[in-house]
Each structure stands twice: as structure tokens, then as C-alpha cells.
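If you read the protein sequences in the order shown, they are chains G, C and W.
The letter at position 184 of the first sequence is residue 184 when you use the working numbering, and the numbering goes up by one with no holes.
The letter at position 10 of the second sequence is residue 1010 when you use the working numbering, and the numbering goes up by one with no holes.
The letter at position 72 of the third sequence is residue 2072 when you use the working numbering, and the numbering goes up by one with no holes.
Note that these hints are calculated values from the structure, not bench results.
Just so we're clear, the structure is a prediction, and the values are computed from it rather than from any experiment.
Treat the hints loosely; a few may be bogus.
Across the chosen pairs, the derived CB separations fall in these ranges [to be verified]:
1) C/Asp1046 with W/Met2123: 46 to 56 Å
2) C/Glu1045 with W/Ala2071: 56 to 66 Å
3) G/Asp170 with W/Gly2132: 56 to 66 Å
4) G/Gly132 with W/Ile2164: 18 to 28 Å
5) W/Asp2005 with G/Gly132: 45 to 55 Å
6) C/Ala1169 with W/Ser2081: 52 to 62 Å
7) G/Arg137 with C/Glu1181: 41 to 51 Å
8) W/Asp2005 with G/Gln41: 49 to 59 Å
9) C/Glu1034 with W/Asp2006: 11 to 21 Å
10) W/Asp2025 with C/Gly1032: 38 to 48 Å
By construction, the Cβ of each residue, glycine as well, lies at the ideal position given by its N, Cα and C atoms.
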Amino acid sequence: MDGEVSDTLTIDIDGWEGPLDLLLTLARNQKVDLRAISILQLVDQYIAFMEEARALKLELAADYLVMAAWLAYLKSGLLLPRNPEESPSPEELALRLQLRLERLNAMREAGARLVARDRLGRDVFLRAAPEGLRVVRKGRYEAEIYDLIAAYGRISARTRPVMHVVAARDVMTLEEAIERVERLVGSRIEWSTIESFLPDEAHGLYRKSALASSFVAALELARQGKLELRQKSPFAPLYLRGAGA
Amino acid sequence: MIIQDDLARAVEAVLFASEQPLSVDEIRAHVGAEADVSAALRSLEDIYAGRGIELVRRGDKYHFQTAADLAHLLRRDREESRKLSRAGIETLAIIAYHEPVTRAEIEAIRGVQISKGTIDVLMEAGWVRPAGRREVPGRPLTYATTPGFLTHFGLASRRDLPGIDDLKAAGLLDPVDLAFETLGNDGDGDGENETASDSE
Amino acid sequence: MIIQDDLARAVEAVLFASEQPLSVDEIRAHVGAEADVSAALRSLEDIYAGRGIELVRRGDKYHFQTAADLAHLLRRDREESRKLSRAGIETLAIIAYHEPVTRAEIEAIRGVQISKGTIDVLMEAGWVRPAGRREVPGRPLTYATTPGFLTHFGLASRRDLPGIDDLKAAGLLDPVDLAFETLGNDGDGDGENETASDSE
């Protein structure tokens, strides 16, 4: 008795690829063309299957139960007097189910025929030790005349003896600037720009040097209390006058 | 005629030495730009017909392989390195017969979600590739088969898929909605008339 | 006779699918203990005589190989343009300006050792040739440019190469820091004028 039960219900629920797959297996047990299948009979088979599974305390995934509920609804719709307002009609639902089963069945059979074909590496074989085809890449080097002469220039510049000369620059020393600003500021009563303390003949780099040295000299002299500095804002002209003015 | 024979010899040697199936253009790169490679291939097909080695075409590529009926002599280890699961086989069939097809469409046909690895396994085997996105909301990726699929399953082209013409003619490659409209409209028509006559 | 043909087919497929050359006994292990493999091999030798594939015997083992006279088809030359490396172009420039020149002299001028392949690449490109040995201890090989070098660079002769004075005039000999100082001085000049007008 026990043996009988387990024979008819050798169901490995993991083996089913979902409720539609189970339905298809049951439908194929009717041994008729899927187009001629009895949906009512299929619903009964599925529900019976579910009940037996439950009796065996098999845990069924939720989608199997959802399908069972839906099929029970479909069955009642097909059996009870028709409600013309209802859309989609139970017949329509049954037809859709049948169409889905047909399509799944078609693909199942196609898959079986596909994997049964003479497959490469299983039934038919490629040559195991081909000599191989070789592509010999021949380099065609590209370079422009400019690259060539620029390269030579680069080498020459790199390897030519180079003489480093530190150019003697004309500068005003800080001592010179302190002496000069201190001497000139004594005679200025009004505010005068720092540039007016530079020698008239100063240009270029010497002028820059003189300006820088005179500025430091002015700071030093202000610290010593010998002159006053004024600037309205950063980068505005810098004014100097004697401390006694 | 001797020239033709020489070319057939050359094509034979190139295909024989190649590690991969070769297209006509690839063969021509070896045997000469002017060569009528297609004619040479046809003559080789004749020469090899019925022999232990056959010249076959897979997609646009050609290769030599052993004759299928000799499989029993050559199958040293029968163990299949990767046995495809049922889900894998069905998914491959759906992609091959419906391509390009989205994951949602595969799931609609199978009535179940595809587990994560199923398409990966098919792609890893070199049989399936992503084939662009469908221009509908969500722009889902579509899948199609590869030249390697044709080679592995011994198909000259997708038209050689077993039973594809019959399936197409029976509308079994059309989505349910489309099939339903075709069928259902007739059904509705009948139903309507019945209802009408009932109410009269 | 048909049985013989079937055996020849089987032997043909077995040899084709084998990774190594096979002895008669090894073939027999696949096609059946009773089989007259030697006869089948003889018939295959006849079938393949003069074709693009040949059945060959090495010691007591047999295998298929492509016909020796077609070996040239199995390699295909493809030209690819490649840019000369910095070391390559510098070495070429030194040879062009100083030829004939030894490897040691090139290295002395570059101030860097030349890697082994550099002169090889220039010779492969067809721009440089060995130009005899220098009669000094060690008799080192000298290198010079080829007519192909002149053609490639559009030079009528080596005298068309710009001389050191031309390079200097073009600024190609200026060390980087000197060029920078020139720029800096211009900047100073502008500054000077502005300051002068301020103080006026």
C-alpha cells in the first residue's frame, strides 16, 4: 500500500519547472492533442495532485497554490451558468491556458530535438591536431622627416657641451637703499610715492631691484621711527613722508 | 579544370589546417583574392560526400568534421562535460526559435521565472549573446543565438532548426495574445451570435 | 568491398579526430579488433594521393597532414604600419647624420645604450644596412642608411638633411631652460613700461 502510494507520487517538486510545467505534464498524460484537451479534466487532475501532495506534507511553492486556486475558479466559471457581463469569459481563460500549454510544449519538444542533434565534440569531431593558420605580421614602419630631424636636434641639444653663465645683474643693495631713502625723505614734507624715491636713470631690472630694496628700506626706517608709510588698500600706491612732518 | 582542382586542393589544405571554421573571405585571404572559393567548396563537398570526414557549412563558415554515424568509434569518454538542465534546454530552444527575445518573453512562455544562472550558462557555452535592447518601456535586453550555436548543433542556418517551419505555420511561435486574437475573434463572433439569439 | 569502404571511412575519421599520430594497433582499438586496418590505410593513401591532405607514415604511426607543397598557403602576410619608437628614430637620425657609424659611436652620441632590437627594426624597415667594418681594434661593424631611407623621407641625398646650423635656427637645438628665459624677459619688458608710466 505504502509502496503503491510512493509509486504514483514520485514527485520531486524541485523537478517541476513551475505550475505550467506540471500542468503540461498532466495534460500530456491525457494522451490527446493539446488542442483537444479537456480543461475541466486537467483542472481536476491538478487539484487532485495538489491534494495528494498536501497529504504527503510536501511543501509546495506558493505559485503552485496560486495556480490551484485559479484553476478552481476557472472550473466553477466553466460549470456555473454564464454571467454575460464577466470579462474575460471562462472560455477565453481556458483557451488562453490551452494556448500557453501548446507553446510550452512546442518549445519542450524543440529543445529535446535540438539537444539530440549530432553535436560537435560529442557526436562529430573537428580535427584534433590542426597545423593552424598563421598570419605573419610584417611591420611597415612609419616616420616623418620632421620626426627624424627633431630627434637629431634633441640628441644634439642633450649631448652638446653647455656653458652655464650666471649673468651679472645690476642691483641696488639694501644698504644703498636705506642710505638713499633716509637722505631723501628728510626733505619731503608731503606724502610722496615710493617710486619718487627711485633714481631717475633706473630702468628695467635695475629699477625693479631699486624698488624692492627701497621698499624694504622704507619698512626698516619706519621701524626705526624715521619715516611714516601710508597705503589706502592692497596694491594702492605706497606713500612715504618724514616722521617729523 | 586542372586549375579548379588545384584550387580545391588549396581550399582543402587551408580548411584542414585551420583551428576554426572559416568563411569564404577568410579562405580567400589564404588562397588568393581572385579564387572562386565557392566553386572549390562545392567540389570538395562532392568529393567528401559519404566519407568518414565531411565538409559542412555552419552559418557563413565552413569546416571539416567527422561523419555523424561514426560517433560511436570516436566517443572516448561519453561523459558530457556540461549537461544542460531542463530549464537550460528550454530556454535555449525559446531563444533559438524566437530570437531576438527578452527575458520576460522567455518567462512568459515557460510560465516561471528564469533562475539567475540559466542564461549565463548558455552565454558561457558560447551559444547565446545579448542582441540589443527592445525599444519599449524599460528597454529590456534581448537575446539571440551565436554562430557557435549553429556550429555546435550542426545547423547550416536558423532555418534548419528542427520543425521551425511547422511551428511557424501552426502559429506556435506567435505570442499567446496574438494567437488568441486570431482564434478568439472567431470564437467571440460565434459567442456573440449565440448570446444574441438567446436574448431574442 | 563495401565493408572495406566502411572500414576506410572509420579509419579516416579516427585519424582525423586524433590528437596524435596513431599506430595500426591504436587504430584497431577504435575500429574493431578484427579489422584489416593496414588494408584500409593503403586504400586511404590511394584516395588522398595528390590531394590537399595526405596520409603520411612516421615510424609506425600514421596521421593526416596538409600537403607539403601547400605550406605557403597556411601563412598569410599582413602589413601593418607601426610607428618607430623614440629610441628607433634617434638611432636612425644618428646613423643618417654620422654614417658610417658603429654601435658604440651611436651610443656615445645618444648618451644611452641601444637595446638589441633597435638597429634590427631599422634594418627590417629597410632604412639601415651594415656598411663594412671599421679598421680599429675589435673591427666593429658600421651602419649606414639605404636608398630606401632617402625615398621614404623624400630626400634626394643625405646632403638634404638640415645641418646643425639649420637646426639651431629652427630652435631645435635650444635647451628647454634657455627657451624659457627668453619668454620670461619679454614679460619683464612689459612690466617696466607700465611702472614707468605710473610714476610719471
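Here's how the hints hold up against the structure:
1. Between C/Asp1046 and W/Met2123 the beta carbon distance is about 50 Å. The supplied range of 46 to 56 Å therefore holds.
2. Between C/Glu1045 and W/Ala2071 the Cβ separation comes to about 24 Å, which falls outside the hinted range of 56 to 66 Å.
3. Take G/Asp170 and W/Gly2132: their Cβ atoms lie about 59 Å apart, and the range 56 to 66 Å holds.
4. G/Gly132 and W/Ile2164 have their C-beta atoms about 53 Å apart, which leaves the hinted 18 to 28 Å range violated.
5. For W/Asp2005 paired with G/Gly132, a C-beta distance near 31 Å fails the hint of 45 to 55 Å.
6. At about 55 Å, the beta-carbon gap between C/Ala1169 and W/Ser2081 stays in the expected band of 52 to 62 Å.
7. Checked against the hint of 41 to 51 Å, the pair G/Arg137 and C/Glu1181 fails, with Cβ atoms roughly 58 Å apart.
8. For the pair W/Asp2005 and G/Gln41, the beta carbons lie near 56 Å from each other, so the given range of 49 to 59 Å is met.
9. Between C/Glu1034 and W/Asp2006 the C-beta distance comes to about 40 Å, which lies outside the given range of 11 to 21 Å.
10. Taken as a hint, the range 38 to 48 Å holds for the pair W/Asp2025 and C/Gly1032, whose Cβ atoms sit roughly 42 Å apart.
Of the hints listed earlier, those the structure fails to meet are numbers 2, 4, 5, 7, 9, in rising order.
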